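Top line first, the protein sequences correspond to chains A, B, C and D.
At position 216 of the first sequence (counting the first as 1) the number is 216 in full-length UniProt numbering, and the numbers step up by one without a gap.
At position 307 of the second sequence (counting the first as 1) the number is 307 in full-length UniProt numbering, and the numbers step up by one without a gap.
At position 377 of the third sequence (counting the first as 1) the number is 377 in full-length UniProt numbering, and the numbers step up by one without a gap.
At position 220 of the fourth sequence (counting the first as 1) the number is 220 in full-length UniProt numbering, and the numbers step up by one without a gap.
The set of hints was computed from the structure by calculation and includes no laboratory data.
Hints may be right or wrong, so weigh each one.
Identical copies carry no separate label here, and so any pair may be met within one copy or between two of them.
As the list claims (entries may be wrong) - EDC-like mimics (lysine to aspartate or glutamate), calculated; alpha carbons at most 16 Å apart, straight line:
#1 K393 with E404
#2 K135 with D156
#3 K40 with E91
#4 K304 with E143
#5 K40 with E335
#6 K9 with E23
#7 K7 with D322
#8 K350 with E23
#9 K9 with E92
#10 K14 with E335
#11 K350 with D307
#12 K16 with E91
#13 K333 with E20
For clarity, every value in this text was computed on a predicted model and none was experimentally measured.
4 protein chains.
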Amino acid sequence: MVESKVKDKSLAAKGKLQIEWAESHMPVLMAIRERFIREKPLKGIRIAASLHVTKETAVLVKTLAAGGAEVYLAPSNPLSTQDDVAAALVEEGIHVYAWKGMNNREYYNAIGFAISSEPDITLDDGGDVAGTLHKLALGITDESVKYALEVAGNRDYVGLTRKILGGTEETTTGVIRFRAMEKDGKLMYPIIAVNDSYTKYLFDNRYGTGQSTWDGIIRATNLLIAGKVIVVAGYGWVGRGVAMRAKGLGARRVIVTEVNPIRALEAVFEGFEVMPMSEAAEVGDIFITATGDIRVITLNHMLKMKDGAVLANTGHFNVEIDVEALEKNAKSKREIRPYVVEYLLPNGRKIYLIAEGRLVNLSAAEGHPSEVMDMSFSNQALAAEYILRNKGKLTPRVYRLPQEIDEEIARLKLTAMGVRFDSLTEEQAKYISSWETGT
Amino acid sequence: MVESKVKDKSLAAKGKLQIEWAESHMPVLMAIRERFIREKPLKGIRIAASLHVTKETAVLVKTLAAGGAEVYLAPSNPLSTQDDVAAALVEEGIHVYAWKGMNNREYYNAIGFAISSEPDITLDDGGDVAGTLHKLALGITDESVKYALEVAGNRDYVGLTRKILGGTEETTTGVIRFRAMEKDGKLMYPIIAVNDSYTKYLFDNRYGTGQSTWDGIIRATNLLIAGKVIVVAGYGWVGRGVAMRAKGLGARRVIVTEVNPIRALEAVFEGFEVMPMSEAAEVGDIFITATGDIRVITLNHMLKMKDGAVLANTGHFNVEIDVEALEKNAKSKREIRPYVVEYLLPNGRKIYLIAEGRLVNLSAAEGHPSEVMDMSFSNQALAAEYILRNKGKLTPRVYRLPQEIDEEIARLKLTAMGVRFDSLTEEQAKYISSWETGT
Amino acid sequence: MVESKVKDKSLAAKGKLQIEWAESHMPVLMAIRERFIREKPLKGIRIAASLHVTKETAVLVKTLAAGGAEVYLAPSNPLSTQDDVAAALVEEGIHVYAWKGMNNREYYNAIGFAISSEPDITLDDGGDVAGTLHKLALGITDESVKYALEVAGNRDYVGLTRKILGGTEETTTGVIRFRAMEKDGKLMYPIIAVNDSYTKYLFDNRYGTGQSTWDGIIRATNLLIAGKVIVVAGYGWVGRGVAMRAKGLGARRVIVTEVNPIRALEAVFEGFEVMPMSEAAEVGDIFITATGDIRVITLNHMLKMKDGAVLANTGHFNVEIDVEALEKNAKSKREIRPYVVEYLLPNGRKIYLIAEGRLVNLSAAEGHPSEVMDMSFSNQALAAEYILRNKGKLTPRVYRLPQEIDEEIARLKLTAMGVRFDSLTEEQAKYISSWETGT
Amino acid sequence: MVESKVKDKSLAAKGKLQIEWAESHMPVLMAIRERFIREKPLKGIRIAASLHVTKETAVLVKTLAAGGAEVYLAPSNPLSTQDDVAAALVEEGIHVYAWKGMNNREYYNAIGFAISSEPDITLDDGGDVAGTLHKLALGITDESVKYALEVAGNRDYVGLTRKILGGTEETTTGVIRFRAMEKDGKLMYPIIAVNDSYTKYLFDNRYGTGQSTWDGIIRATNLLIAGKVIVVAGYGWVGRGVAMRAKGLGARRVIVTEVNPIRALEAVFEGFEVMPMSEAAEVGDIFITATGDIRVITLNHMLKMKDGAVLANTGHFNVEIDVEALEKNAKSKREIRPYVVEYLLPNGRKIYLIAEGRLVNLSAAEGHPSEVMDMSFSNQALAAEYILRNKGKLTPRVYRLPQEIDEEIARLKLTAMGVRFDSLTEEQAKYISSWETGT
């Protein structure tokens with residue numbers, strides 16, 4: 001067995017307090033943990049997880065362990081690990097291979113570490129464990145696979161992957177990939193698209209990322225948002241949250257860029273400006289990408305920007321801003337503040353890139369607040385249980401969790417927040433589902 | 001043939017100016033009209049429509065006529081007809097049977113008038129034409145059917161209904177009914193759920209009703225919204241729009257009531273209070289129902305309300321506020337202002353009901369602004385064309401319009417508003433649909 | 001004595017209901033009326049008033065009469081009179097000379113009517129009674145004076161004006177004028193700047209005009225505000241209210257024009273765009289002037305506007321939009337809807353002027369809601385009482401009402417709204433006013 | 001001369017980058033620095049300053065030095081010093097006595113250090129330098145004076161204080177104290193109330209504190225604001241900013257407590273709830289004090305709070321939350337996260353106090369963003385120059401900076417932000433100041 005590897009085990013005490021703080025703000029997941037302790041639904045199961053190693057993830061992982069699972073935890077981003085939390089988890093008996101500031105090789109070593117557990121279930125935030133497993137099984141080799149093998153070693157990956165009961169995926173980005181694999185007939189085991197639960201994407205993506213993206217940008221720069229011109233690339237659920245909070249923080253103009261006409265029109269009616277990035281580039285003060293796509297801000301865009309423009313990404317992968325082209329073409333660069341690198345462009349202007357174009361909320365701040373992760377990770381925990389309960393019934397497809405589970409999470413959350421709501425009377429239930437009742 | 005019947009044909013000149021005003025704010029529908037004039041896709045087709053007889057509907061009906069159809073127009077609400085517009089339409093050669101302030105019998109006479117055309121296609125806003133036709137064909141008799149028959153006369157309704165090519169439905173309420181009929185195996189011809197187009201429900205229901213509901217309430221009462229406690233029943237797309245604008249107008253508290261836990265939770269995270277109606281009743285200044293369901297505000301709720309409370313409904317049917325119980329139990333009533341009736345309750349308090357609990361935006365104001373109806377009615381026009389183009393291919397089910405039509409409407413609207421947006425590069429299109437591309 | 005002159009006395013019953021509706025939403029003024037009935041503080045006093053003849057003004061005028069005053073009421077705008085209310089007031093024994101749609105001559109005849117009462121106190125909303133009296137006393141002749149004299153006849157205006165105990169003024173515009181007169185040494189009797197009370201300008205100008213301006217524009221045009229580009233000229237209290245509500249109604253861009261750099265900067269930090277009108281003219285969909293100044297939108301600006309642009313004014317006088325130049329240069333014009341006139345410009349584009357450039361909220365809607373006028377008119381009523389109480393102590397200057405009166409109105413209003421608030425403990429009162437207490 | 005004392009001089013390089021970052025976002029102050037370099041208006045002057053030792057303060061202090069002054073800098077809060085900035089300033093030749101986390105004795109030692117310079121001008125943020133000098137001169141002794149003397153030593157404080165040319169004060173709290181001293185006839189030299197400049201309090205207090213307070217709370221707790229019940233004590237300019245941003249961040253309810261009825265009413269019309277703290281205590285999730293007064297949240301309030309309630313203060317002094325009573329009565333306490341202390345109350349509930357009840361934005365975050373401090377500190381720099389220019393003309397009173405200086409700062413700021421605005425035409429300037437022009 002490969003041993004846990006974290007930055008500094010002596011940080012465990014501090015990490016435990018952090019986890020305790022998160023636990024006190026994740027009442028739904030804690031209620032699930034109580035039940036898991038009694039019922040042990042995951043008994044004897046090995047789980048390989050690639051998740052941001054934060055205090056909220058710790059609450060999930062401890063819940064899975066409480067349910068009887070043995071968990072191997074890798075990060076899902078080289079910059080997002082909270083080292084004190086990682087240390088605390090090791091002390092709790094979780095297998096962890098994660099520290100803040102991994103390089104690319106170390107990151108895929110960690111994925112290899114998770115894979116080395118020969119898991120029954122995979123848990124993903126971005127799809128790196130399940131994705132790498134599929135590459136291994138399909139015989140696709142690239143650098144990431146090579147690094148993963150350095151730790152995981154040679155095994156029968158076809159057999160190993162085929163017998164996996166199921167996996168879960170947290171992000172929009174990841175789900176898009178698994179659906180593409182399903183369409184291509186390459187998916188080897190069932191995936192629960194946790195992201196598609198209402199109690200996940202309507203909340204975590206919108207309210208969680210909406211706040212934490214600005215938290216990251218403000219911590220990194222200490223800039224005032226009031227009076228600024230903000231450009232948000234992408235008006236999916238994440239982009240909506242980021243744009244909404246930009247307005248709530250007093251931005252003078254909030255400009256949205258989009259490729260989908262319906263979303264673009266929604267943005268316009270919601271009170272945002274819409275224009276192509278090539279125009280927005282000239283007027284923006286702060287740019288945030290949230291598209292899930294590649295090269296959304298190109299070097300050409302950067303060359304049009306005002307002196308002092310700030311760039312950040314809040315999409316899952318660090319591909320949205322063309323950092324490579326920036327690195328190649330900048331005349332010089334220096335770190336002016338933690339997480340803020342100043343690039344001197346050939347045209348003499350300076351622009352500022354936050355957190356190397358990686359997820360700004362997890363790199364420069366603490367990621368989503370516990371209160372939204374409560375719902376997202378309750379979906380993760382119940383998805384793991386759902387996979388086991390439906391052993392033998394699921395085929396290699398992408399699934400949503402059933403609506404009842406989704407609604408139950410919402411109900412528990414409302415109760416925990418002290419919010420009471422109505423229920424349909426018998427007459428109302430009948431009326432709404434009947435077509436004979438007159439006007 | 002039954003002759004047109006409107007309030008006063010001499011209002012036609014005024015109505016024509018109104019229609020011209022609407023036309024200048026409905027660029028997408030006008031572009032469709034241009035094409036219809038050239039292509040005559042509806043040539044020789046008879047259309048029976050039950051729609052709010054407003055200036056925007058006039059633009060739709062004239063467009064259908066321009067496409068070659070013969071249109072029979074009934075209202076879809078007894079209070080929503082704009083008499084000048086009705087007069088103008090008659091002058092344009094449309095068959096119209098509508099005036100503002102019909103009683104129940106007159107209203108269903110009008111539905112009978114539409115049916116008497118023996119239509120190829122039905123257009124509905126609330127489902128009264130298609131619904132009555134189904135009742136006739138299925139042998140269901142009630143008061144509405146009786147009144148409809150007074151004008152439509154006896155016919156082979158089974159045969160007539162079976163040979164209808166298709167119908168369209170504009171509202172959430174109507175679509176729910178047609179789906180219930182489909183589920184019960186009672187649907188006799190295909191229905192295009194126009195409401196389910198993104199360019200309809202995301203805009204018309206939210207931004208259209210959001211503004212026009214408040215327009216109706218403010219015109220009726222001239223009350224200040226700033227500082228008030230507002231209660232919105234239902235957090236569907238209409239309720240969202242109404243709640244959002246309540247906040248935008250400065251309400252002190254915006255309270256949402258809901259029966260669906262996920263929607264309730266969304267309301268809470270969006271910054272609204274959620275509580276049961278029985279509690280909200282005690283603190284609200286103005287109540288607006290938007291649920292599509294029956295008896296959402298009961299007499300018991302009314303008896304808890306503060307002296308001076310104002311009640312309005314913006315759901316399709318006038319069943320959400322229990323007006324019947326109010327009428328029976330009030331000690332007295334009087335019209336204090338146009339559209340505002342004061343009821344003296346047994347407990348000595350007064351409450352104020354707007355527009356008899358009917359759709360407040362269409363009764364006390366002019367309904368949705370032209371700009372949103374532009375999209376909704378473009379969907380209607382293209383749905384009629386779609387039914388013809390797919391003659392023989394559609395079965396008696398509830399359909400959505402294809403995504404391409406939806407997106408095309410959005411694209412035309414953006415262009416008309418002078419908004420430009422991005423499109424995917426080849427690289428981006430490939431990246432977003434591939435799963436092999438690395439991190 | 002000149003007799004009352006209104007449109008149609010038979011409207012009195014309807015007007016009385018309107019007044020009753022207003023009374024039920026003006027609790028502070030009604031509490032003052034209760035006291036006035038008991039104390040008769042205005043006994044034997046003649047008041048000449050120039051106020052918008054609305055249901056709220058009726059509540060004020062009836063309160064003054066209840067306090068013992070004889071009131072002569074002229075309008076303060078040719079378009080703002082509600083004819084039913086005017087009729088009801090005549091029946092209540094008030095002297096009224098007002099109807100909706102007066103021409104310039106009739107309007108100043110009405111001012112003459114008010115002056116003919118030889119008042120002890122003048123009440124103004126825009127300064128026309130006091131202003132005309134001063135012109136008469138100072139021997140300044142212009143058309144307005146000539147028309148006023150047609151009804152008021154020749155009198156010793158110097159003597160009459162000198163013995164006036166005091167006047168009140170409701171508007172920013174009017175107060176600026178009286179201060180200019182004070183500075184020039186021309187002011188002949190004390191003026192209470194009611195507008196300068198916090199409970200007036202912070203509420204009426206901002207929340208009252210903010211809502212009612214949009215009410216007027218939407219009633220006149222039925223346009224959707226969501227998605228529009230709105231231009232607000234002037235960022236005083238009125239402009240702030242209008243801009244705030246534009247955002248609250250979903251405008252895509254809210255552009256402010258200003259001449260004062262501090263206000264311009266505030267607008268920017270509050271989340272609005274600021275630019276010169278010459279630039280804003282090119283991008284705006286709807287323009288609203290709220291500056292109190294002349295020719296803020298010139299013909300040149302109009303010629304830059306997009307086809308279909310809408311213009312409205314919510315400043316006191318109809319001088320902010322250069323209607324004269326528009327009339328002279330337009331190729332044609334027609335009324336497309338009530339209150340909306342279409343002008344065909346020489347460049348082939350059409351623009352739409354609402355309510356002839358007069359106060360849009362009072363012309364095309366009902367003016368401010370009762371709830372804010374409650375505070376404004378409580379200030380008016382208490383200002384009249386204050387003038388009498390301080391007879392002999394006030395000199396020809398512009399005064400504010402004492403802070404205690406202002407705070408008392410706020411306190412009464414909060415109580416009427418059911419809002420409770422804190423008061424300073426003894427310790428806190430001491431701490432806040434002491435400088436020796438340590439950190 | 002007393003020597004500088006900072007935490008770690010080796011942090012200077014990092015501090016310099018921070019200052020450079022601030023300089024690039026303070027264009028107005030930098031323009032003033034350019035002029036100061038040329039004109040040396042402060043040549044030979046000694047300045048004693050008590051300011052938060054942040055990167056923005058560094059830009060001010062360097063500007064004063066560039067103008068020829070010798071500056072002695074003490075902190076104005078024990079927790080707000082940025083140690084790297086302090087180190088960098090020492091390297092720049094500024095006399096600094098400040099580090100993060102001073103105890104009470106060390107803090108007043110620092111004030112003594114500033115006083116030991118025998119200044120010509122004092123600069124204050126909270127009034128500690130001028131206040132201590134006045135106590136010394138007036139013979140008032142308390143602990144703070146004793147500690148100050150430990151460093152400043154015995155001097156002729158009456159003579160020293162009398163010959164001071166003037167002082168400046170940054171905060172509302174401080175200005176209230178100096179006005180109280182002026183009223184009591186105790187003020188010994190002129191004070192420029194920098195806080196009273198429009199370009200200070202309308203921006204720094206509202207937009208600066210509004211954002212940075214939430215920045216501090218979110219950094220300390222990582223809580224989600226969306227869905228929370230927020231209680232803001234005080235609706236002055238700071239409270240407004242905090243309440244506005246709470247709403248902008250999605251709070252479910254924003255409750256304001258106030259003692260002034262006009263402010264309370266404004267809060268209600270602006271869309272906030274108002275209630276007494278004793279009621280708010282029971283429903284709030286997060287409490288923020290911004291009153292400038294003492295014991296606004298008492299132990300009794302705390303005992304009513306929900307389990308998990310969070311308390312923070314953003315008023316100048318740490319007296320608003322009764323921390324003393326909390327410390328005495330809590331059964332236990334522990335630091336759960338940096339800046340967050342958990343108190344176990346006698347009733348078994350836990351509440352969380354941020355940053356010991358000290359200014360949360362400066363303790364747990366970086367204080368106001370540079371962009372607003374640009375204006376505030378431009379006022380400080382110009383106030384120092386103004387004191388010198390008016391040497392001999394000012395008496396021991398509290399002054400505002402002239403309106404021209406205020407407007408000039410706004411103008412420079414707008415220009416730096418790339419915002420252009422209108423100016424009055426000659427005709428408009430005449431119209432607005434004249435009273436003869438007709439309607």
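Checked hints:
no., hint, result
1, K393 with E404, "neither (18 Å within a copy, 35 Å between copies)"
2, K135 with D156, "within (13 Å within a copy, 65 Å between copies)"
3, K40 with E91, "neither (21 Å within a copy, 62 Å between copies)"
4, K304 with E143, "neither (34 Å within a copy, 59 Å between copies)"
5, K40 with E335, "neither (49 Å within a copy, 34 Å between copies)"
6, K9 with E23, "neither (21 Å within a copy, 40 Å between copies)"
7, K7 with D322, "neither (30 Å within a copy, 40 Å between copies)"
8, K350 with E23, "between (43 Å within a copy, 14 Å between copies)"
9, K9 with E92, "within (12 Å within a copy, 41 Å between copies)"
10, K14 with E335, "between (28 Å within a copy, 10 Å between copies)"
11, K350 with D307, "within (5 Å within a copy, 41 Å between copies)"
12, K16 with E91, "within (9 Å within a copy, 41 Å between copies)"
13, K333 with E20, "between (40 Å within a copy, 15 Å between copies)"
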